[in-house]
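Chains as they are written, first to last, in the working numbering: chain A, 1 to 506; chain S, 507 to 1119.
Hints listed in this document are in silico derivations from the structure and should not be mistaken for laboratory results. Heads up, a few of these hints could be off.
Claimed, not checked - Some chain S residues judged to face chain A by a derived CB distance under 8 Å, without partners named: (1) A522; (2) L526; (3) D537; (4) S917; (5) G920.
Don't be surprised by glycine CBs; every beta carbon is placed ideally from N, CA and C.
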Amino acid sequence: MRDLGGHRGRGLAKTIDWWLVACWFLMIMIGWANIYASIHSSEPSSIFDFDSRSGKQFIWMMTSLGLAGLILFVIPPRAYEGLSLFIYGFTILLLIAVIFLGIEVKGSRSWFAFGPVRFQPAEISKISTSLLLATVMSQLGYRIGRMKDFIITAAIILVPMMIIVLQSETGSALVYVGFIFMLYREGLSGWLIFMVGMAILLFILTLTATPYVALLVLVGVATLCIFLYSGRFKWWLLAVVPMIVLFAFLPSLMELLSEWVVGAEQMASISAALEAGEEVAMPFVMKIKPFYILLGCSILAMPFFAFQAFREGNRFTYLALLGFIGGILLVFSTDFLFNDVLQDHQRKRIEVLLGMKEDPSGVGYNVNQSKIAIGSGGFFGKGYLKGTQTTYGFVPEQSTDFIFCTVGEEWGFMGTSLLILMFVFLIWRIIHDAERSREAFTRIYGYCVACCIFMHLFINIGMTIGLMPVIGIPLPFISYGGSSMWAFTIMLFIFIALNRNERKYF
Amino acid sequence: MKLNRENKLLIGLCTAAAILIAKLFSIQILDEEYKLDARNNSMVYTTIYPTRGIIHDRNGEILVGNKVAYDLMVTPREVEEFDTLALSRVLDVTPEFIKEKMAEYRRFRRKIGWQTVVMIKQMPQETYMKFAEVAYKFPGFRGQARSIREYPFNAGGNLLGYVSEVDAAFMKRHPDEYKAGDYAGKTGIEAAREKELRGEKGYNIWLRDSRNKIMSRYEGGAEDKEAVPGKDITTTIDAHLQHYGQELMNNKVGSLVAIEPSTGEILTMVSSPGIDVEMLADIGKHYGEISANPYKPMFNRAVQAPYPPGSVFKLVNALIGLEEEVVYPGTQYPCRMGYHFGRNKLGCHEHRSPINLEESIMMSCNAYYCYVLRDLLENPEYGSFDESMDRWNEYVKSFGFGRKLGSDFPSELGGFVPDSRYYNKVYGKGGWKATTVISLSIGQGELGCTPLHLANLCATIANRGYYHIPHIIKDSEHVEIDRKYKERNYTLVDTLHFPKVIKGMYRAVNSGFGSGGTASIAAVDGLDICGKTGTAQNPHGHDHSIFICFAPMDDPKIAVAAYVENGGFGATWAAPIASLLVEKYLNGEISDKRKYLETRVLEGDLMDRVKVK
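Turn these sequences into a full structure, and let the hints guide you.
Take a look at the structure:
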């Protein structure tokens, strides 16, 4: 009887990637146990108490198990490709609808409420976006380098992202930035990631250090790129690096100069008057800002590079110059971006993260308490249900966004690093499977899943230990919450189903 | 491995994970600060203050006990919005007081941090009870019980000293021992015996939740520390006698010291005016009032005031004279209203002449001692004045004069006994002779001694030649006193000579009025009081009245020194006061015959005579 119905392919046991399933199962169990620990108090209730979050999470786990079965056994994997546009469109509608029909939770309108059940369409839109991306990008003849294809791809990502920003859920929108890694795998120029990284660096430098430092770094990086590309690295080392070092000392030199010209006492009185907001006649020397000297020098140097590029027919240098100008504009507009585009609470969170403001009882409270809880765990942790910070509720949102604190406090460094390694294994396994699939659809979708999980992982844990600003997104499979549990389970199992579908026959 | 895009992304993934793990390593393992913060977050230490040791008198009466009062503690960080008016009403303070305090905490919030500070000290029990009922409305506020001092007897305010909260300077002097909010003995016995009395603080550790609600004991109380109560102290003071002494000295400035000669135990030590024990209990409130008092009640005259000893000092000169064999009991000297030398004269009062040694003590003849001192200093056995002067100084010092006796009482004054070096400095070498320093013979001049010195002299004579260092703490269950208090300290004068002097002292008291004895007023039937009056000349006003006495003559139980500033003759105030104290101690009550005297003393008011600066 073996293999008689050949069309059904190889059996479940051989085709499913049991590693992924095992990972998933272990993670939701870990999550469940830690949710119980987070709500555990000195008057404990049962883990199955359905009034409590651990009890509810158990329901979500059971239903997720059902959804997993549905995806594995009932829904034909072939259907996703065809339905992806429809699913995408439907989620976009939901995303828009929730702005008007949703309830407001902590200042954002991203939740639908059906009686006691709440549901966040942003969680599903990650799946539908991934599916549509996989569909579009697996089309024959698709080339990301082509402008039309690139714009379509960007639009697929940006439309839900923008709507989610409109819902005031900037955190969830940030996850979509992760798709850039998938795009990179699919042939997007690495320079794009580089540019995005540079933009973030400049933004942070401008805010935390000074625009001058940001500009100096920009000059260094841009010249490095240009010289490296044209094979003149030695020149860069010999000519540009000394220049940059010289410029690094320019502000202090300028200060010495004006001190010499104006006199230290008068300078002190002028700066005091300036701080008091008075109008003072400033000596000319003090008006010259090192920033403008550097800016002037670099702008003067630009035609030289442009001429060289023209002579050598070097398009890269043009692009680098363009990027350089963009960078300068970014430095100039950072102030505007920061103060006018970002919302109040987001600005505060970034300020706290970058150490620009200390506020341990306000915005910084969550992070501070979270770090205390995690830090107090030590190497082995305090033992399950024995965390003092966890049991007595010092960390807000501990069963949802800050679930990692429970792991940190009760299981220590051992627990936290093991959990992170488990996530690394899960993501590696998804990428591994994706790379080995024959169909582009499966591969692209797999990368999308990996990117989403990675972004959630890094942002969530980074937030709890103060590496990231406070961005309220859950830790996949671990955090309490039906929407996120369902969404990630569906997302992962669609990939497992797709993967299995291929293995059936090969 | 190929460096394709898959692998680049995997490397990126591992890098990101490594960053997370590295940061976790840093905060979970390298950085201890978070563990401390977690403790601060979730644990509350409540201090258990030990009860301070009780101070007993020699008969087991409690001189200083404890009672419970409550401090209102505030943890400013935990304070939420509250109804200032309601709190002020409960605590019986003005709303402004609370607002001011809260403003102060805001100003020093960096310094205070999570600490708990005391807002109101020593609330009475009733106020605390009112607060406790509504305490839940005022997070951040709580009451803390602590025992404060209670004084069942109004006796020995100066002796006992007070306990008050430690200040910054005190904490600096005793690093690691005291924390803000602790109390410590500052003066008197409380300070001298602080180590025994204070006990050891303990603490309870509690777990609290984020809303600052106390949840449970940490580790079930296993890490808690019990407070160790302070050790009880037994003093040598007789509470009733001390009280009586204070009554006698009421409205007089001076001291009254009584010692048990056989042990050196101080039975009574009164410095008048003194500090009322009522004020001790709440010294903070009364401190200003006490320090503004022109009579300086904080100043313990009994051990800190340097006085001339006056005629009482003749006893010392008599004993030295006997030892040095310049005078014998039978030696007679004339006195014609004083001692004449050259054109000068040291006056004396009217009495019969010539007289012998015993009579010179009985009648307190000045001239007699001028002869004695002159013979002492001009003694041919010594090569020079310097030598004989220094020999004299040695004798005097062997009685305890001119140095700290070494009692266990803090801030004892040494006093002064001059020697040749001193006079050489003042008059130049060879610029002085016996007549220059002749007033030393009658206890005037450069001599300075405290009433404690005089009481010790009296005890020495009562013991026929030795003394125990006067002390105020007795051996008790927990406290053993220094061995030095149990040793006999002999003077340089042979014990054989003392009875000769004592006879004179006996006759001074017991010869009856009209006999010429200076202290007949001190006589009590059957007590065989031996005494010596003294009148210290006072250029600023009335003379100081001095009297030392012990009784009974053959088995001395008590030796007393009374020093009444501006009291006139020794017999006027000091002798009645000292003898009444002796009578009270030995007989338990004052005989009807002497009631009039008691009344006179109790009602006597010399305050007007005392000049205050």
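Right, here's what the structure says about each hint:
no.	hint	result
1	A522	holds (5 Å)
2	L526	holds (5 Å)
3	D537	holds (6 Å)
4	S917	violated (49 Å)
5	G920	violated (58 Å)
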